[in-house]
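Since the structure of chain V is already known, use the hints to place chains C, F and W on it.
Residue numbers (this note's numbering), protein chains in the order written: chain V, 79 to 410; chain C, 79 to 410; chain F, 79 to 410; chain W, 79 to 410.
Everything labelled a hint here was simulated from the structure, so no lab data went into it.
It should be emphasised that the depicted structure is a prediction, and the values quoted were computed from it without experimental measurement.
Just to be clear, a hint being listed does not mean it is correct.
You can't tell identical chains apart in this list, so a pair holds if it fits in one copy or across any two.
[To be verified] Derived lysine-lysine pairs resembling DSS-like cross-links, with alpha carbons at most 30 Å apart:
1) Lys223 x Lys189
2) Lys140 x Lys151
3) Lys368 x Lys250
4) Lys375 x Lys189
5) Lys375 x Lys149
6) Lys189 x Lys127
7) Lys192 x Lys151
8) Lys151 x Lys406
9) Lys220 x Lys406
10) Lys375 x Lys324
11) Lys406 x Lys175
12) Lys358 x Lys164
13) Lys164 x Lys175
14) Lys220 x Lys149
15) Lys151 x Lys164
16) Lys140 x Lys164
17) Lys406 x Lys189
18) Lys324 x Lys189
19) Lys151 x Lys136
20) Lys324 x Lys175
21) Lys375 x Lys151
22) Lys149 x Lys406
23) Lys406 x Lys223
24) Lys149 x Lys175
So you can see what is in the structure, the chains are spelled out below.
Number of protein chains: 4
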Amino acid sequence: MNQFGLLFRLSVFGESHGTAVGLLIDGCPPGIDIDEADFVEDMERRKGKNQPGTTPRKEEDKPVFLSGIFKGKTTGAPLTIIFENKQTRSEDYEKQKDIARPGHADFVAEKKFKGFQDYRGGGHFSGRLTVCLVAAGVVAKKILKGVVPQAGIQARLVELGAEQNIEHGLQKALNAGDSVGGIVECTAGPLPIGWGEPFFNSVESLISHAVFSIPAIKGIEFGAGFGAAKMFGSRHNDPLMDASGKTSTNNSGGISGGLTNGNPLVFRVAVKPTSSTPQKQHSYNRVSGKMEDFSIKGRHDLSIALRVPVVIEAITACVLLDLAMINKSVSQ
Amino acid sequence: MNQFGLLFRLSVFGESHGTAVGLLIDGCPPGIDIDEADFVEDMERRKGKNQPGTTPRKEEDKPVFLSGIFKGKTTGAPLTIIFENKQTRSEDYEKQKDIARPGHADFVAEKKFKGFQDYRGGGHFSGRLTVCLVAAGVVAKKILKGVVPQAGIQARLVELGAEQNIEHGLQKALNAGDSVGGIVECTAGPLPIGWGEPFFNSVESLISHAVFSIPAIKGIEFGAGFGAAKMFGSRHNDPLMDASGKTSTNNSGGISGGLTNGNPLVFRVAVKPTSSTPQKQHSYNRVSGKMEDFSIKGRHDLSIALRVPVVIEAITACVLLDLAMINKSVSQ
Amino acid sequence: MNQFGLLFRLSVFGESHGTAVGLLIDGCPPGIDIDEADFVEDMERRKGKNQPGTTPRKEEDKPVFLSGIFKGKTTGAPLTIIFENKQTRSEDYEKQKDIARPGHADFVAEKKFKGFQDYRGGGHFSGRLTVCLVAAGVVAKKILKGVVPQAGIQARLVELGAEQNIEHGLQKALNAGDSVGGIVECTAGPLPIGWGEPFFNSVESLISHAVFSIPAIKGIEFGAGFGAAKMFGSRHNDPLMDASGKTSTNNSGGISGGLTNGNPLVFRVAVKPTSSTPQKQHSYNRVSGKMEDFSIKGRHDLSIALRVPVVIEAITACVLLDLAMINKSVSQ
Amino acid sequence: MNQFGLLFRLSVFGESHGTAVGLLIDGCPPGIDIDEADFVEDMERRKGKNQPGTTPRKEEDKPVFLSGIFKGKTTGAPLTIIFENKQTRSEDYEKQKDIARPGHADFVAEKKFKGFQDYRGGGHFSGRLTVCLVAAGVVAKKILKGVVPQAGIQARLVELGAEQNIEHGLQKALNAGDSVGGIVECTAGPLPIGWGEPFFNSVESLISHAVFSIPAIKGIEFGAGFGAAKMFGSRHNDPLMDASGKTSTNNSGGISGGLTNGNPLVFRVAVKPTSSTPQKQHSYNRVSGKMEDFSIKGRHDLSIALRVPVVIEAITACVLLDLAMINKSVSQ
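So here's chain V without its partners, still in its complex pose:
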């Protein structure tokens, strides 16, 4: 189901080359100021701000409010925002639809949806849909600001193509004429203690669920993460320092027993290289029934990782807001 959240419930819809992509938020509190200007900065960040290595397809990404806004404020009714698709060049996709592009969803979408899927530009599977996640994040961050005014969420690219120097990593990819992956780190806090639930709605469960909805994410780790697997317990454990819950180390990434523990929430995600590499590829042609060489048409990023941080922030804001609302509901 294309939906996430219990009380702040987000649905996304649309296809890369269809009329529009959009989002529906159910559970948005009333009285939040929302206007077009609120979206500009995050939309620009998602577009990569003309950095080398980002797609030349430049959509305006201007939000159109269909419902839930009245006189510039949310009404409390379902909020629907769409972003029209204007810069589509669908003919690129008609030509290459006989070969399922490696790394893309073309082949599985064809099987799952029995050939009825919109195959142009990945259709509903496209990274284009992340514009909806970013928009949801804009709304969620605004509301969250009223709930936990001090809390900030920052995601940044910490490694590109094995290089911690992002420029080097990008240059390496440009030199190789190949797409490349990266690692994004996200920090959020300060957060109240006790958000989340033991077991199935742990903070790790919810964040990872949301994060893996972003195309191209293939790993996540909290705090020391995979490093924790190599540690002894006496080193990994974060000693409590005082009654506020502050710990001297933060190997747990701000989560104990699935709940926020008052220390900064820290996680890292692995972003795979853009599937649409400029390199020539070899894959199965379902019409000819043979393996064939081919090159990807269309306009693409060298690294999605450059554009992912704002999406990670957005989805994290949605999860945290949902947790804030749930937490508020049960306190006596």
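Relative to chain V, chains C, F and W alone:
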């Protein structure tokens, strides 16, 4: 909410030192043979089979069927199974409750539940609850066998305390007198193409959500995972080899666009070291208001990682069964 | 939450005098032919087909497909349809917003949404939103036709203003210059045996949940309904006649133990009179702080009951389709 | 799915002649005093207090707390309560299982669950399960008392077998040697304004959904209900009297636009006659393949309606508590 799954819906309940722990499965199909003997092997695996480094607390872990079973078969009505707690030694916990144990949920549970939580042995946060996950897995695997008869799920410990030789890793921990973490790899297949949904119910989203409900898991990666972040796209992409969807490499871990792609599902999880290390620790005493040295009482594992594989298999079976049921429902 | 259904999941959004009203269907199977013409008949029925007593506001009610349709067929991705609001005359509402209109949601909406609600024409509470329910029904009926080809759903007005002769009832209201209520009966079948669940997802639970989402519905009864409360058991019980499940009477309305029993599903709903009566009314003015006489402005129906049958059919189709999909998913 | 509620989430399980019936509450706030004595009064009311016309099967109905209670208070973790079945006489059911009892779920359960259902005493479909609803109500009422201290919920039998004098109605049934139906009215308040949601989660939707999970309920109406269908709008509309929302009449039953409006919530439900009438019946024998006369074995009520009021109160308390928690979560 302590619940997971859309159609095969699992709830767990109970506390480490309470009357019992248990599970409720809603959506269990009728006519599945279930008896006590079905649980023996997986329960033994979860107990670590007397391997050095596993807890001396040995519960019988015998399932008691409260509902949903009639004449040895599931009825289709809600299935409730409990496991009585018999080997509790709660006095250990009364003594040390003034110091929140580092790495445990004691401190956050106290805050979230306002002092009303059952603090004995971690209460509802205890790893004891994984017996319920394993039991759910026993049921899910049986049903899954009827849906995808060829599919197997295997999880195994591939690294302990930075050692790929598990015996070495364990010996290192025994020598150090310290607990230790590890990495578990899980493989499942062959699976049909197209299970899962784009965006919020991607296979990665659902598996990670479920896996992070297991205490001590701090990271997950699918296929090449964090390694993918260092790769070029031309190397990472898995070329399709034929009409069956088979690819020559499996960097995607069997998932494309959030859907199963017909290749083996592969993921690895990072297990942190057992929080209850035999080492002396230093943490905040909320009664004295000072940092104090203390040693953990109670009976504990040197490495939970030794016991986690069967839990990972169980939770994976639950996710795959839910996906199988959803997939069946929408096909025309 | 503005959402209904487990597998065929419907959300509605929009306001009476906003840009548009719309619906989002998550879980729509791929390959269903959908075009504008499919909506004409049901949209006309909802408009009352120029029958006396229906509102002079005539929206075109032409569906605009935003997502989930490609080459005239559903793709399996979320389906979004909007209906633009073109014939709004919002100035009517600006004038009378100081007096909460009796029978309408104005007062409670103001309280719930803290004054931020779109008050024009009832905003999100408007009967205008039933266009979305009807549209969902058009889609659901098409899919259902593929699942249970023989099954039909018919709802019709059986009583208007206490008259079984609808023309008489309407004339009585026209003569009185007042709005009037009515009773709609819905029949569906033949349906397979065993749809629904014991307890919380009984067929009665799901149908009533859905039906009471239609503004103006104030009662529902299945089979003999309130009449059953006056009967002896020996008369109420429906004797089984053969192995097919056919019963000689149908006092149960086709539902036993919460499940479809193979006999026609029969229920009746009570529709209250349109709140916007042409009669002068007396109510509290929140600005003057006094009770005042006033007359409703705007364009309204004498009886919503005339337009409700197609909405009942639509919502019933959505429930039955969801049940069909759930039922299919669990069968072994 | 055997579950109800968004934040106060109730599951029920068990069979009439199995080991036990029980309930699982997820989302129960911590710190609520719960002990065995809290259940006595409502359990007695459900048993009918030895009134003529109630079943001679007298279970002790003593709650056994399996989880979520520590030192006499709820912990915030999932709360599980079971009621053991001790007075079962299953041999009654073995004898008559070839004839599906008219009015019961026997036939549909057999079809839905393919013969694997527990047929003894109706199994999971039994009215015995209402002990779980009553228990949930005991817990919900206690919590609700802390949220809306003034609010009361009262349900009472207002008509039995067409008689408003309940004794007369009962005597009529005793004389006829037949089971009989009745009407129960429930009132709740005072409640805050604005609980519920427009459309799919209207108060009517949620209450009716919950109420129809009680076996034997076949109709529900709010406020003037079916009577509203016969009224003119000028009479049905409830004029607002002051800024508090009080109306001079309450034809809406305390609900406007799907939301509580500050006036008492009022609804009535139709209870069908007990299906197990003492009268001789005629129905299909699936073994002989013929229609046959038979008499119901087992111990049964003449009218379930006598025992239903406390169940209606319980389920209403669960719905109102869930609404209270949701409402609290979204207020800024």
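Hint-by-hint comparison with the structure:
1. Within a single copy, Lys223 and Lys189 get their C-alpha atoms only as close as 43 Å, which misses the 30 Å cut-off; across copies the closest is 23 Å, which meets it.
2. Proximity of Lys140 and Lys151 under a CA criterion of 30 Å is satisfied in both settings, with 17 Å inside one chain copy and 28 Å between copies.
3. When the C-alpha separation of Lys368 and Lys250 is checked against a cutoff of 30 Å, the pair qualifies neither within a copy, at 33 Å, nor between copies, at 52 Å.
4. Taking identical chains as interchangeable, the C-alpha atoms of Lys375 and Lys189 lie at most 30 Å apart only when both belong to the same chain, with a minimum of 22 Å there against 55 Å between chains.
5. Taking the closest pair of Cα atoms, Lys375 and Lys149 come within 30 Å of each other only across two copies (22 Å); inside a single copy the shortest separation is 44 Å, beyond that limit.
6. For the homomeric pair Lys189 and Lys127, neither the shortest alpha-carbon distance inside one copy (36 Å) nor that between copies (43 Å) is at most 30 Å.
7. Proximity of Lys192 to Lys151 under the C-alpha cut-off of 30 Å is restricted to the inter-copy arrangement: shortest distance 12 Å between copies versus 42 Å within a copy.
8. Taking CA atoms no more than 30 Å apart as the test, Lys151 paired with Lys406 passes in both settings, with 23 Å inside one copy and 21 Å between copies.
9. Taking CA atoms no more than 30 Å apart as the test, Lys220 paired with Lys406 passes in both settings, with 17 Å inside one copy and 19 Å between copies.
10. For a Cα distance limit of 30 Å, the shortest separation of Lys375 from Lys324 across copies, 24 Å, qualifies, whereas the shortest one inside one copy, 52 Å, does not.
11. Proximity of Lys406 to Lys175 under the C-alpha cut-off of 30 Å is restricted to the inter-copy arrangement: shortest distance 27 Å between copies versus 49 Å within a copy.
12. When the C-alpha separation of Lys358 and Lys164 is checked against a cutoff of 30 Å, the pair qualifies only within one copy, where the shortest distance is 29 Å, while the shortest distance between copies is 51 Å.
13. With identical chains, the CA atoms of Lys164 and Lys175 are at most 30 Å apart within one copy only, with a shortest distance of 21 Å there and 40 Å across copies.
14. With identical chains, the CA atoms of Lys220 and Lys149 are at most 30 Å apart within one copy only, with a shortest distance of 17 Å there and 39 Å across copies.
15. In this homomeric assembly, Lys151 and Lys164 come within 30 Å of each other (Cα to Cα) both inside a single copy, at 27 Å, and across copies, at 22 Å.
16. In this assembly of identical chains, the alpha carbons of Lys140 and Lys164 lie at most 30 Å apart whether taken from the same copy (11 Å) or from different copies (23 Å).
17. Taking the shortest Cα distances, Lys406 and Lys189 sit within 30 Å of each other only across copies (14 Å), while inside one copy they are farther apart (43 Å).
18. Only between protomers do Lys324 and Lys189 lie at most 30 Å apart by alpha-carbon distance; the minimum there is 13 Å, versus 50 Å within a single protomer.
19. Taking CA atoms no more than 30 Å apart as the test, Lys151 paired with Lys136 passes in both settings, with 28 Å inside one copy and 29 Å between copies.
20. Taking identical chains as interchangeable, the C-alpha atoms of Lys324 and Lys175 lie at most 30 Å apart only when they sit on different chains, with a minimum of 18 Å there against 55 Å within one chain.
21. For a Cα distance limit of 30 Å, the shortest separation of Lys375 from Lys151 across copies, 26 Å, qualifies, whereas the shortest one inside one copy, 42 Å, does not.
22. Taking CA atoms no more than 30 Å apart as the test, Lys149 paired with Lys406 passes in both settings, with 28 Å inside one copy and 25 Å between copies.
23. Taking CA atoms no more than 30 Å apart as the test, Lys406 paired with Lys223 passes in both settings, with 15 Å inside one copy and 18 Å between copies.
24. Within a single copy, Lys149 and Lys175 get their C-alpha atoms only as close as 45 Å, which misses the 30 Å cut-off; across copies the closest is 15 Å, which meets it.
In summary, the numbered hints that this structure violates are 3, 6.
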